[in-house]
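**Student:** So the sequences go chain by chain: A and B.
Just so we're aligned, residue 1 is where the first sequence starts under my numbering, counting upward by one.
Just so we're aligned, residue 1 is where the second sequence starts under my numbering, counting upward by one.
Heads up, a few of these hints could be off.
[As the list claims (entries may be wrong)] Simulated pairs of lysine to aspartate or glutamate, EDC-like, Cα-Cα distance not exceeding 20 angstroms: (1) B:Lys71 - A:Asp253; (2) B:Lys63 - B:Glu126; (3) B:Lys190 - B:Glu212; (4) B:Lys108 - B:Glu163; (5) A:Lys337 - A:Asp275; (6) B:Lys63 - B:Asp52; (7) B:Lys151 - A:Asp365; (8) B:Lys71 - B:Glu59; (9) B:Lys223 - B:Glu15; (10) B:Lys100 - A:Asp378; (11) B:Lys100 - A:Asp253; (12) A:Lys80 - A:Asp217; (13) B:Lys108 - A:Asp77; (14) B:Lys182 - B:Glu221; (15) A:Lys313 - A:Asp275; (16) B:Lys239 - B:Asp229; (17) B:Lys71 - A:Asp378; (18) B:Lys71 - B:Glu144; (19) A:Lys343 - A:Glu146; (20) B:Lys71 - A:Glu412; (21) A:Lys110 - A:Glu146.
It is worth saying that the hints were derived from the structure and are not from the lab.
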Amino acid sequence: MKQAVLSIDGLRQAVQSLPDDALTAAREAALASIGTQGLPTVRHEDWKYTDLSSAIDISNRWLADGANTESAAPLADTVKSIMASIDANWLVIANGIVDLTHFVESSGIKIERFSDSAAPLVMERPLADLNVALLRDGLRIQIHAETEKPLGVLIVDEASAAATVSQANVEIEVAAGCNAEIVEYQSSSGGGDHYGNSVVVLKIGQAANASYVRIQDRRIGHVHTGRISVTLGADSQLHMAGYDLGGGLVRNDVDIDLSEPGAAATVNGLYLAGDGQHIDNHTRVDHRVGPASSSQEYRGILNGRCRCVWNGKAIVHKGADGTDARQTNHNLLLSDKAEIDTKPQLEIYADDVKCSHGTTVGQLDEAALFYLRTRGLDRRQATQILTHAFAADLVSRTPVTATRDAITALVESRLAELITDNVS
Amino acid sequence: MLEVINLKSRVGDTEILRGLSLSVNAGEVHAIMGPNGSGKSTLAQVIAGNDDYVVTGGEVIYKGNNLLDLKPEERAREGIFLGFQYPVEIPGVNNAYLLKAAVNAKRKHQGLGDVDAFEFLKLAREKMAVLGMDPKFLNRGVNEGFSGGEKKRNEILQMAMLEPSLAILDETDSGLDIDALKAVAEGVNKLRHPDRAIVLVTHYQRMLDYVEPDFVHVLSEGKIVRSGDKTLALELEEKGYEWVREAANG
Chain A
1 MKQAVLSIDG LRQAVQSLPD DALTAAREAA LASIGTQGLP TVRHEDWKYT
51 DLSSAIDISN RWLADGANTE SAAPLADTVK SIMASIDANW LVIANGIVDL
101 THFVESSGIK IERFSDSAAP LVMERPLADL NVALLRDGLR IQIHAETEKP
151 LGVLIVDEAS AAATVSQANV EIEVAAGCNA EIVEYQSSSG GGDHYGNSVV
201 VLKIGQAANA SYVRIQDRRI GHVHTGRISV TLGADSQLHM AGYDLGGGLV
251 RNDVDIDLSE PGAAATVNGL YLAGDGQHID NHTRVDHRVG PASSSQEYRG
301 ILNGRCRCVW NGKAIVHKGA DGTDARQTNH NLLLSDKAEI DTKPQLEIYA
351 DDVKCSHGTT VGQLDEAALF YLRTRGLDRR QATQILTHAF AADLVSRTPV
401 TATRDAITAL VESRLAELIT DNVS
Chain B
1 MLEVINLKSR VGDTEILRGL SLSVNAGEVH AIMGPNGSGK STLAQVIAGN
51 DDYVVTGGEV IYKGNNLLDL KPEERAREGI FLGFQYPVEI PGVNNAYLLK
101 AAVNAKRKHQ GLGDVDAFEF LKLAREKMAV LGMDPKFLNR GVNEGFSGGE
151 KKRNEILQMA MLEPSLAILD ETDSGLDIDA LKAVAEGVNK LRHPDRAIVL
201 VTHYQRMLDY VEPDFVHVLS EGKIVRSGDK TLALELEEKG YEWVREAANG
């Protein structure tokens with residue numbers, strides 16, 4: 001199949017129809033950048049397994065139809081029920097529109113709209129550029145003191161028209177020495193085609209400690225691309241965990257920049273995929289100085305006709321001695337129609353480093369299945385129990401405690417959908 | 001309760017059971033002894049329904065029905081329990097959760113509702129006290145990091161909670177120190193009941209000092225070559241398995 005090409009004319013029209021505000025110059029710069037670079041195709045090494053044609057097709061249809069932003073009113077109930085499932089202080093971006101009405105003013109957090117302050121970064125990365133070019137507005141957040149509740153960023157979309165596209169962009173700065181807990185929750189509903197594209201920039205100050213949980217529970221079939229770029233200050237820590245439960249074509253890019261000594265980043269993830277899903281997790285950790293450590297552990301459970309990709313890259317730059325970088329990726333394939341492309345990648349240009357990586361792809365342990373069956377559990381129940389245990393090991397280590405019950409429930413219900421009677 | 005008639009079974013290309021017959025009635029305790037490789041564990045696995053073991057001939061009738069038609073979980077719900085020689089470690093699956101799921105699977109089969117959570121815990125703690133098990137084992141992963149003795153006690157705990165009609169204990173005595181052996185034996189003796197049959201598969205006689213069998217069978221090369229009462233076990237201990245083999249061939 002020939003890869004679709006984004007309509008730059010349509011995009012220019014949409015960009016020019018947005019209000020003239022603090023973002024205008026950034027939108028123009030981003031538009032120019034896409035005009036030259038275009039969006040990535042499967043010929044790019046980093047996009048070998050993930051074809052953005054469906055995202056481009058939805059975008060072109062949406063642009064041709066006037067690039068409208070739908071009212072967020074139908075999302076009120078969804079927003080309410082998600083907020084009830086996790087006790088956090090919520091910022092909402094619904095259908096790409098920033099909504100601060102649920103947020104409770106807190107002395108530890110300062111929030112500004114980009115339109116009231118300054119435009120977001122233009123990263124010169126195609127999907128981030130697309131995001132800025134089409135961005136109505138986004139948020140700049142400073143966390144300068146520990147807060148009672150985690151900060152929640154709820155990105156939610158309702159696909160009420162035939163094709164809709166939305167952007168979310170958030171910059172978060174955690175002040176030096178501060179402890180911060182952040183939850184990003186992605187959700188979508190509605191019968192139309194939808195493409196959601198988000199960008200999060202997280203700056204962690206010196207000796208600060210940031211916990212970040214990302215939950216992606218979009219409607220099966222909806223397209224999502226998300227980028228999280230993190231920079232860590234000296235002696236700071238990041239504890240991140242991502243959960244991909246829904247979506248159709250999903251691509252997550254997590255970039256971690258370790259440019260100051262003493263920093264430690266843990267980046268974990270779980271993906272549960274069934275029929276029609278394509279979930280691609282790309283991580284990149286740049287070790288620019290040492291000592292510093294990074295640890296990545298991703299796990300996947302795949303059933304039915306689906307494909308997942310994991311590409312974990314760690315680059316240990318020249319002079320980054322004292323680096324400790326670890327990567328693991330474990331996968332359970334419950335169907336012969338499921339496919340995983342897993343690739344740990346280490347590039348080492350320093351001498352004194354500790355690096356390790358390991359990946360596994362396997363089926364359930366038959367001995368354990370038989371043992372459970374001799375205790376009266378049928379094959380489906382036994383499979384559910386074993387896959388749940390495989391996932392629970394990561395869930396139990398989820399960094400933001402307030403999210404654990406919700407994640408446990410989401411994982412359990414997704415597994416119950418995935419593990420059907422026809423497990424092999 | 002259980003009629004095994006001329007049972008033949010193989011694993012891969014190796015024939016292991018070569019025409020084994022055995023009759024077990026409710027209320028009885030049978031011991032099946034024999035040298036390594038004689039087919040003791042194969043018999044236990046075939047009765048539990050492990051499809052790595054292919055039945056090539058004979059029949060197994062349980063409570064009047066053809067057992068070999070049933071899936072492993074159906075056999076369990078019909079009251080068959082296998083205590084594993086090597087219980088499987090299942091990290092991340094809570095021991096109490098498995099016990100409760102197993103009890104509920106059986107109750108559902110009997111048309112009963114789920115067990116009351118409070119009553120279940122109370123009962124589990126009582127049974128654990130008999131077995132000398134620390135209640136904290138309820139909250140650990142199934143057999144995860146358990147010592148050999150702890151695993152065997154855990155098997156007996158599962159048996160006690162499931163109250164099977166037919167319990168087959170595969171080398172439950174192996175690898176146990178004397179205290180663990182006594183605790184396990186007490187757990188087994190507590191389950192002796194006129195409605196229940198117990199089959200002890202064992203290599204050594206020492207378990208039988210604590211759980212007195214009604215019948216002892218000696219297995220050799222896939223067949224029962226000799227049956228008797230508990231004195232047969234003592235005779236075996238004294239004369240060794242070579243004696244049985246010679247007697248069978250002569």
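**Student:** Run every hint past the structure and note whether it holds.
**Tutor:** Hint check results:
no. : hint                : verdict
1   : B:Lys71 - A:Asp253  : violated, 46 angstroms
2   : B:Lys63 - B:Glu126  : violated, 30 angstroms
3   : B:Lys190 - B:Glu212 : holds, 12 angstroms
4   : B:Lys108 - B:Glu163 : holds, 15 angstroms
5   : A:Lys337 - A:Asp275 : holds, 9 angstroms
6   : B:Lys63 - B:Asp52   : violated, 24 angstroms
7   : B:Lys151 - A:Asp365 : holds, 19 angstroms
8   : B:Lys71 - B:Glu59   : holds, 15 angstroms
9   : B:Lys223 - B:Glu15  : holds, 12 angstroms
10  : B:Lys100 - A:Asp378 : holds, 14 angstroms
11  : B:Lys100 - A:Asp253 : violated, 42 angstroms
12  : A:Lys80 - A:Asp217  : holds, 15 angstroms
13  : B:Lys108 - A:Asp77  : violated, 37 angstroms
14  : B:Lys182 - B:Glu221 : violated, 31 angstroms
15  : A:Lys313 - A:Asp275 : violated, 28 angstroms
16  : B:Lys239 - B:Asp229 : holds, 16 angstroms
17  : B:Lys71 - A:Asp378  : holds, 9 angstroms
18  : B:Lys71 - B:Glu144  : violated, 26 angstroms
19  : A:Lys343 - A:Glu146 : violated, 37 angstroms
20  : B:Lys71 - A:Glu412  : violated, 26 angstroms
21  : A:Lys110 - A:Glu146 : holds, 12 angstroms
Of the hints listed earlier, those the structure fails to meet are numbers 1, 2, 6, 11, 13, 14, 15, 18, 19 and 20, in rising order.
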